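Could you put together the complete structure from these sequences and hints?
Protein chains in written order, with my numbering: chain A, 1 to 521; chain B, 1 to 83.
Hint data in this document are derived by calculation from the structure and do not stem from the laboratory. Quick caveat, the model's predicted, so the values are computed rather than measured. Worth double-checking, as some hints may not be accurate.
[Unchecked claim] Distance condition first, Cα-Cα at most 30 Å in a straight line; then the derived DSSO-like pairs of lysine-lysine:
no., chain 1, residue 1, chain 2, residue 2
1, A, Lys53, A, Lys309
2, A, Lys508, A, Lys355
3, A, Lys499, B, Lys79
4, A, Lys503, B, Lys55
[Stated by the list, open to error] If you want the ones that stay clear, here's a sample from chain A, every Cβ over 10 Å from chain B, calculated:
no., residue
5, Ser288
6, Glu363
7, Pro487
8, Lys490
9, Leu491
10, Lys499
11, Leu501
12, Lys519
Where a beta carbon is used, it is the ideal one built from N, C-alpha and C, also for glycine.
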Amino acid sequence: MPNISNQTLIHQFLEESARALPGKCAMVHGKERISYEGLNREANLVARWLMDKGVTPGDRVALMMENCREYLAGYYGVLKTGGVAVPLNPDLKPDGLVPLLARITPKCIISSAKCEKALREIDLPVLSIPLLLIARPRLKWNDVPLTACSFGEITGSGDGSDPDLQINETDLASIIFTSGSTGQPKGVMLSHRNIVANTNSIVRYLELTSSDIQMVVLPFFYVMGKSLLNTHVAVGGTVVINNTFAYPASVVQQMIDEQVTGFSGVPSTYAYLLHRSPLRSVRDRLTSLRYCSQAGGHLASHTKVDLIKALPEHTKLYVMYGATEASARLTYVEPHRLHDKIDSIGIPIPDVNMKVVGGDGEELPQGETGELVAQGPNIMQGYWHDPDSTAKALSIHGYHTGDLGYMDRDGYFFVVGRRDNQLKIGGHRVNPQEIEDALIDTDLVMECAVLGIEDTLAGHRLVAAAVPIEVETTERDILQRCSQTLPRHKLPSEIRFFKALPKNSSGKIDRAACKELMKEN
Amino acid sequence: MSETREQVRAYIVDNFLFGDDSGLEDSTSFLESGMIDSTGILEVISFLEEQFSIKVHDEELIPENLDSIGNIVGFLGAKMAVA
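Here is the structure:
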C-alpha cells in the first residue's frame, strides 16, 4: 500500500501509487481498464501539453466532462501544472455555462464529445479561452480560432515522466461550484492542503486500503464524487465508473462482477437502490461489499433501517455529513453506533472540530440548538471573487454550515434543519425535514419534498411533492398514516404525486424546481 | 413493430427534445447523449407501462432494455411475445 501520510499535494497520491503499485488497476469503466502507471503517464502527458501551451501555476482549467478515464488524466494533469481544476457539470447549457466561464476565466477547457454541442454554441475566443482538449471529439474545430486537440493526439507518445514543479500545499488546487438552491452558484476555493487533509481523514475512518474497489455512480464534478476518487487513488485502490445509475440493475450487477467493496450515494441514490433495483434479491451475491456510505443530505431514519435490512449482513453503513466548503466531509456515524444514533450526523472525522454556536457566536452547551460551525485543515479558503459571501461563511469560529443542530452527551451531533429553510405555518415554526421523515415512515412514499407555498393568511401553506412506491396509493392513505404521528398543523394541505422528483446535478432533490411544479395548475 | 417504434419515438421527441428530432437515431443512447437523465428514465418507464400495459421489473432496468429507441422496441417485442 502506498505511504499516504507523506503526501502534501493531491497529485502526489497518484504518483506514489504509480510508484508503489504500478500494475495495479486504478480505474474500470465498461471494458476499459487502466493501471496506476498508465494513468500517471497519461496525466503527465496532459500536464506537459498544458505547460507547453502556456498554462502556468494559478491558471484555471475547466473540466467539463462525464466520469471517464480522460477525466482522471485531465484532473491530475491540471494539478501537476500547478493549475486550478474547475470541474463543471457536463450537462450545462450555454446559458448556465457562459456566466461561470466568464467568472473563472479558464486558460483551457478539458471536455468530451458529450459537451461539444454546447461548447460550439459559445464564442470561446470572445471569452478569451485559447485552449480546448477534447476526449473522443466528433466535431471539427479547425474553423474556431483556438488551439483544439484530442486526448488521442497527446497521450499516444511523449515524455510521460512526472513534471515535478514547485507547488506549495497552500496553493489553490480546485474551485468547485456549489449547487446552492438559491442565488448563483458559489465557487468554493480549496487548496491542496484542504483536499489532502480531508482525504487522509476519510481514508482513516473508512479504513480504506489498496484492496478497496469503489463503485462510483456520483459525478466527479460534485465534491462527494471527487472525494471517492481522491481517497481511492491515495490508497492505491480501484474506482469502477458507472454512469448509468438510471438503470440500477446494471449497477448492482457490475458490483457483483467487479467484487466491489464500497458503494456511495446521496439520499435519492438509496431510494432508487431500495425501491427500483433488485438489491434484495441479489444481496447474497454481494459477497465483497464491505460498506456503503451516504452523504449529501438527510436520509430518513426509516430508510436507513430498511437499507441495513436490504444489504448483506457483513456490509456496514456509514452515514456521513459534509459540505463542499469542507472539501467534502465533516462528520460520520460509526457503523456500530448507527442503531442507537440513527438520527445523528455523527462525530467529527479525524482532525475536524465542530461546535454549536448561538446568535452571538458563543459556544452553546450540549443539548442546546444553534448553528453547526466547523474547524479543521479541510475548511475552504473562501468563495472565488466573492468576499461578501466568504465573510458570512467564515469567521474566527470556523465555517458556518447554515445547519441548525445540537450535540448530545456522547458528542454526537444532530441536524434539525437549515437556518434558511424554516417555514412559518400560521403561528407555528415548522421544519420540513420532520414532515418528510413522517411521509417516508408511512412506507408508501419513495421520496418527497415538503415545501411552503406562500399564503396570504397563514404565511406559508404546507404542500408535499411525492413519489409513491405503488401507483395505487392515494393522498388520503398517506395523510391517514401521517396523522398518527404528526399534529394537525404539520399535515400537508396537499400531496401531489409525481413519477420522479426533479434533481440537481449531484442527485439531490431540487426543491426550487419542485416548488415550481407545485405552483403549476 | 414499426407502429410501436413510432409511438416510442414520438413520445421521446415530444417530451425530451421539444419536437426537434435532429440527430436522434434508433441507436442513440439516451444517457450518453445527455438527452434524458435518470429522472427522465423513470418517466419513460411509466409511459411504457401505461401505453403498452406491461410491468417493467426492477431486474429489467438495464441499458440493454431501455437506453435507446431500438433497445426499447426490442424489449417491448420480447415482453409482448411472452405476455
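Going through the hints against the structure:
Restraint check for Lys53(A) and Lys309(A): the C-alpha separation of about 54 Å exceeds 30 Å, so the hint is violated. Between Lys508(A) and Lys355(A) the CA atoms are separated by roughly 26 Å; this keeps the pair inside 30 Å, and the hint holds. Distance check on the hinted pair: Lys499(A) and Lys79(B) sit about 22 Å apart at the alpha-carbon level, within 30 Å; holds. Note on Lys503(A) and Lys55(B): the hinted pairing holds, with a Cα-Cα distance of about 25 Å set against a maximum of 30 Å.
Against chain B, the non-interface label of Ser288(A) holds: every CB pair exceeds 10 Å, the least being about 20 Å. Annotated as non-interface, Glu363(A) keeps its C-beta farther than 10 Å from every C-beta of chain B; the closest such distance is 42 Å. Against chain B, the non-interface label of Pro487(A) holds: every CB pair exceeds 10 Å, the least being about 33 Å. For Lys490(A), the requirement that its beta carbon stay farther than 10 Å from each beta carbon of chain B is met, with the minimum near 28 Å.
Listed as outside the interface, Leu491(A) is consistent with that label: its C-beta sits roughly 27 Å from the nearest C-beta of chain B, beyond the 10 Å cut-off. The claim that Lys499(A) lies off the interface is violated: its Cβ sits roughly 5 Å from the closest Cβ of chain B, which falls inside the 10 Å cut-off. Non-interface call for Leu501(A) relative to chain B: violated, since the shortest CB-CB distance, roughly 7 Å, does not exceed 10 Å. With 10 Å as the threshold on Cβ separation, the claim that Lys519(A) sits away from chain B holds: the shortest Cβ distance comes to roughly 19 Å.
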